[in-house]
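Engineer: Given next are the chains, with one letter for each unit.
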Amino acid sequence: SQQGEEDPQALSIQEGENATMNCSYKTSINNLQWYRQNSGRGLVHLILIRSNEREKHSGRLRVTLDTSKKSSSLLITASRAADTASYFCATATGNDYKLSFGAGTTVTVRA
Amino acid sequence: GAGVSQSPSNKVTEKGKDVELRCDPISGHTALYWYRQSLGQGLEFLIYFQGNSAPDKSGLPSDRFSAERTGGSVSTLTIQRTQQEDSAVYLCASTGTSGYNEQFFGPGTRLTVL
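So the protein lines, in turn, are chains A and V. So that you can map any letter, position 107 of the first sequence is 102 in our numbering, and since no number is skipped, the others follow by simple counting. Here our numbering runs 182 ahead of the position in the second sequence, where the first position is 1.
To be clear, the hints were calculated from the coordinates, so they are not data collected in a lab. Heads up, the beta-carbon is just placed ideally off N, CA and C, and yes, glycines get one too. A hint or two may mislead.
In the SDA-like style, the derived pairs of lysine to any residue whose C-alpha atoms are separated by at most 20 Å in a straight line are [unchecked claim]:
#1 A:Lys93 with V:Thr294
#2 A:Lys51 with V:Thr294
#3 A:Lys21 with V:Asp245
#4 A:Lys93 with V:Lys239
#5 A:Lys93 with V:Asp238
#6 A:Lys93 with V:Glu250
#7 V:Lys239 with A:Thr88
#8 A:Lys93 with V:Thr195
#9 V:Lys197 with V:Val256
#10 A:Lys93 with V:Gly254
#11 A:Lys51 with V:Ser240
#12 A:Lys93 with V:Lys197
#13 V:Lys197 with V:Gln262
#14 A:Lys51 with V:Asn283
#15 A:Lys93 with V:Ala213
#16 A:Lys64 with V:Ser255
#17 V:Lys239 with A:Lys51
#18 A:Lys93 with V:Lys193
#19 A:Lys93 with V:Glu226
#20 A:Lys93 with V:Gln262
#21 A:Lys51 with V:Lys197
#22 A:Lys93 with V:Ser191
#23 V:Lys197 with V:Asp245
Beyond 10 Å from chain V on every Cβ pair, some chain A residues (computed) [as the list claims (entries may be wrong)]:
#24 Pro3
#25 Ile8
#26 Asn26
#27 Gly37
#28 Arg55
#29 Arg75
#30 Gly97
#31 Ala98
Work out the full structure, taking the sequences as your base and the hints as a guide.
Structural biologist: This is the structure in structure tokens:
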């Protein structure tokens, strides 16, 4: 069963705008990761945030984590057409080596 | 450096045939995962290999699915007597040694069962 669920399912924005998507999960986690997938092929790891961290930045990406609400957000600033992709959150729990992926948010950036 | 590679990139087969999908993980990665992704869906965990330990097969959907990993490197996922519902993208990933289990994915094999 899926631990993480992304919201919204789909997002369409103009180039240069910011895109925000959210992930909610059900059980305590060790870390939460965000991945990007282009055209239904392999996923690319974007960023990992540990359970004791609240915010993390990587280039134009900003991730927040609120463990009290069991939620995370991914912000992409100054979006580009190349950011068009599906974005997945994945959670790692306890000693479980498996990641549990959500169903993803599909982002379309219009030129 | 070389990433995770998978072959073939696309496979079209007839219902009832067997197929083999191959994954070459990143050199030195001891953990290897197989996932299945149906159209527009998230990733479904299939199987996990870690070093010489017994694999975690808990995600395999039926006994028609099996996987092996030879020499702790290359892995093959075999689907016997394929069914149309097996059509999906099969993704392989490997994990490095950071301790935080971020996964490195291959490009996937798109399987179509006619």
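Engineer: It remains to establish, for every hint, whether it holds in the given structure.
Structural biologist: Evaluated hints:
Between Lys93 of chain A and Thr294 of chain V the CA atoms are separated by roughly 27 Å; this puts the pair beyond 20 Å, and the hint is violated. Distance restraint check for Lys51 of chain A and Thr294 of chain V: the Cα-Cα separation of roughly 40 Å exceeds the 20 Å cut-off, and the hinted pair is therefore not satisfied. Note on Lys21 of chain A and Asp245 of chain V: the hinted pairing is violated, with a Cα-Cα distance of about 30 Å set against a maximum of 20 Å. Note on Lys93 of chain A and Lys239 of chain V: the hinted pairing holds, with a Cα-Cα distance of about 12 Å set against a maximum of 20 Å.
The suggested pairing of Lys93 of chain A with Asp238 of chain V holds, with an alpha-carbon distance near 10 Å, which does not exceed 20 Å. Restraint check: the Cα-Cα separation between Lys93 of chain A and Glu250 of chain V comes to about 18 Å, which is no more than 20 Å; the hinted pair holds. Restraint check: the Cα-Cα separation between Lys239 of chain V and Thr88 of chain A comes to about 18 Å, which is no more than 20 Å; the hinted pair holds. Proposed proximity of Lys93 of chain A and Thr195 of chain V is contradicted: the alpha carbons are some 30 Å apart, above 20 Å.
With a C-alpha separation of about 26 Å, the suggested pair Lys197 of chain V and Val256 of chain V falls outside the 20 Å cut-off, and the hint is violated. The hinted pair formed by Lys93 of chain A and Gly254 of chain V meets the criterion: a straight-line CA distance of about 18 Å does not exceed 20 Å. Distance hint between Lys51 of chain A and Ser240 of chain V is unfulfilled; the C-alpha atoms sit about 33 Å from each other, more than 20 Å. For the suggested pair Lys93 of chain A and Lys197 of chain V, the alpha carbons sit about 31 Å apart, so the restraint of at most 20 Å is broken.
For the given pair, Lys197 of chain V sits about 10 Å from Gln262 of chain V by alpha-carbon distance, which is consistent with the 20 Å threshold. Note on Lys51 of chain A and Asn283 of chain V: the hinted pairing holds, with a Cα-Cα distance of about 17 Å set against a maximum of 20 Å. A hinted pair counts as satisfied when its Cα atoms are at most 20 Å apart, and Lys93 of chain A with Ala213 of chain V qualifies at roughly 10 Å. For the hint pairing Lys64 of chain A with Ser255 of chain V, the CA-to-CA distance comes to about 40 Å; that exceeds 20 Å, so the pair is violated.
This hinted pair does not check out: Lys239 of chain V and Lys51 of chain A have alpha carbons roughly 34 Å apart, beyond 20 Å. Straight-line distance between C-alpha atoms of Lys93 of chain A and Lys193 of chain V comes to about 27 Å, which puts the hinted pair past the 20 Å bound. A distance of roughly 11 Å separates the Cα atoms of Lys93 of chain A and Glu226 of chain V; the hinted pair therefore holds under the 20 Å criterion. Between the alpha carbons of Lys93 of chain A and Gln262 of chain V the distance comes to roughly 25 Å, so the proposed pair goes past 20 Å and is violated.
Taking the CA atoms of Lys51 of chain A and Lys197 of chain V, the gap is about 47 Å. The hint is violated against a cut of 20 Å. Proximity of Lys93 of chain A to Ser191 of chain V is assessed by CA-CA distance (about 25 Å); at most 20 Å being required, the pair is judged violated. Proximity of Lys197 of chain V to Asp245 of chain V is assessed by CA-CA distance (about 16 Å); at most 20 Å being required, the pair is judged to hold. The non-interface label for Pro3 of chain A is consistent with chain V: the shortest C-beta to C-beta separation is roughly 14 Å, beyond 10 Å.
With a cut of 10 Å on Cβ distances, Ile8 of chain A stays outside the contact zone with chain V, its closest approach being about 20 Å. Asn26 of chain A, annotated as away from the interface, has a beta carbon of chain V within 10 Å; the closest lies near 6 Å. Consistency note on Gly37 of chain A: stated as away from chain V, yet its beta-carbon is not over 10 Å from all of that chain's, at 4 Å minimum. Remark: the non-interface label on Arg55 of chain A is consistent with the geometry, its nearest Cβ contact in chain V lying 19 Å away (cut-off 10 Å).
The beta carbon of Arg75 of chain A is kept farther than 10 Å from every beta carbon of chain V, the shortest such distance being approximately 22 Å. Chain V draws Gly97 of chain A into its interface by the beta-carbon criterion, the shortest separation being 6 Å against a cut-off of 10 Å. Under the 10 Å C-beta cut-off, the non-interface status given to Ala98 of chain A relative to chain V is violated; the minimum distance is some 4 Å.
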